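**Q** The chain contents come next:
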Amino acid sequence: MAHRHAHGPRSIDRLAYQSGMRRWNPVFKTVLAVGTLILCLAADRPAVSAAVILVLAALQKGKGRLPLRDYFGLLLVPLAFLLLGGAAVACDIVFAPAGDWNLRLPWFYVCADADSVRFAAALVLKALGAVSAMYLLALTTTACELVDVLRRAHLPPLLCELMYLIYRFVFVLLDMYGRMRQAAGARLGWRDFRTSCRSFGGTAGNLLVLSLRRSRIYADAMAARGYDGELRFLAEEKPVRGAQVLWMLLFWAALLALAAV
Amino acid sequence: MTQKQRKLVRLTACAALLCGVVPAAGAMHIMEGFLPPSMCILWGVIALPFVLAGYFSIKKTVARERRAITLVAMAGAFIFVISSLKIPSVTGSCSHMTGTGLGAILFGPAAVSVLGVIVLLFQAVLLAHGGLTTLGANTFSMAVAGPFVSFGIYKLCLRLKVNKKVSVFLAAALGDLVTYCVTSVQLAVAYPSATGGVPGSVIEFLGVFAPTQLPLAVLEGVLTVIIMIALEAYAQPELRAVGFEEAGA
Chain A
14 MAHRHAHGPR SIDRLAYQSG MRRWNPVFKT VLAVGTLILC LAADRPAVSA AVILVLAALQ
74 KGKGRLPLRD YFGLLLVPLA FLLLGGAAVA CDIVFAPAGD WNLRLPWFYV CADADSVRFA
134 AALVLKALGA VSAMYLLALT TTACELVDVL RRAHLPPLLC ELMYLIYRFV FVLLDMYGRM
194 RQAAGARLGW RDFRTSCRSF GGTAGNLLVL SLRRSRIYAD AMAARGYDGE LRFLAEEKPV
254 RGAQVLWMLL FWAALLALAA V
Chain B
-17 MTQKQRKLVR LTACAALLCG VVPAAGAMHI MEGFLPPSMC ILWGVIALPF VLAGYFSIKK
43 TVARERRAIT LVAMAGAFIF VISSLKIPSV TGSCSHMTGT GLGAILFGPA AVSVLGVIVL
103 LFQAVLLAHG GLTTLGANTF SMAVAGPFVS FGIYKLCLRL KVNKKVSVFL AAALGDLVTY
163 CVTSVQLAVA YPSATGGVPG SVIEFLGVFA PTQLPLAVLE GVLTVIIMIA LEAYAQPELR
223 AVGFEEAGA
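So the sequence lines, in the order shown, correspond to chains A and B.
Using this note's numbering, the first residue of the first sequence is number 14, and each one after it goes up by one.
Using this note's numbering, the first residue of the second sequence is number -17, and each one after it goes up by one.
Since the hints were derived computationally from the structure, they do not count as laboratory data.
It should be emphasised that the depicted structure is a prediction, and the values quoted were computed from it without experimental measurement.
All residues carry an ideal CB built from backbone N, CA and C; glycine is no exception.
All the given hints hold, so there is nothing to weed out.
If you only want the chain B side, here are some residues facing chain A, beta carbon under 8 Å, derived: (1) L108; (2) I185; (3) V190; (4) L213.
Could you build all of it, start to finish, from the sequences and the hints given here?
**A** Here's what the structure looks like:
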């Protein structure tokens, strides 16, 4: 599997387990990430967004020991949405030429003016800042810990159970699918578009059948071990250090100062 | 045409198609940070009643039969995996199904709304599709509007005695289209255009995403039909287990 540029579900999960910031307290990381996210969105200033992007990239590199190439590769996952959405915000469709730039098409004009382009650029920067804040959580905290944080935030237990199980089953299914995909490939199942469609339908259908059978086995196994509606995991103690909180507050204060300028 | 010329034409045609289809990778998740805070809250509040209704229905199912929880969880994992798989495409680019139509037909729209929230959360933290603040908006478009429309169309087609394959195709393809339209409306309400207001902006967003979303909707419909054929051929007991048979035929 191509590791470097793959952005399948396995890659972010793997990076989260490898991160140097894994030892940090998950509640602290959640507060830091969500707080920064909200600040970045509420301030809505290009300077703040740029600062968030740079500081968080430095943090991921310095403390998380994440290669910058991987990090920026991941940051550009929503690139297509960003470009298309940004273009739609920047441009305007009118029937008479307007604005600073015009593109003449059969029935209408696509036009843009300097203000709308500036607005779209700020929006793109803000979205990238927000994505970096989300990555601060996603790339350093394993999904189990995230669910644990949600559980402590009094999310209904049923939803937490479902999340634990879904997280586990996702990887079970991906393994199953990988094997089926390989088996279909060995029989030239991905030879051309038509055959690929048939193979995809067949493997996806088979995946559902096998997964439902598997779910019965899991239910039996869990019942045999005395499952009574609550999965409990032993969580590592990860104390918050005073210096971390101090740095967080300093960072936020700096962002607020940037926003006020 | 000589062989060389033919090759050249084919190559350029591929390149042209590639330009149109490659951006489909991101599907239609509104990315993190793209919506202003007021919109995030608004769409979250709108999606909430549907999710709550789904939560209560799942809670009832699980209270009646404890073992059903693995079945429900497996359904959620299935939706996640289906939506993360690369689907076949003519150009070799990377695109994904939404899986909402299939989920709604198999598991019913109420369950899909709850599973949808969880799947969207995992998509955000594991795949970087969508985001935490845009969870509400994405939930409404992908886990509420799409599935409910898919399910409605499917039921309607069955009532009207339309061929089953045709109804599955229509349900999945139109569910996908509705998701795309709702997302465009959500973006347009947040960013109305200077001259045309919200309607003008809706047209812009629809137009920008149309080249990738229209072929994808058709493909999603076709693939869903193939999956359903495979399931009906050799998974009758499983289909009955998820409640498809009583709901369907």
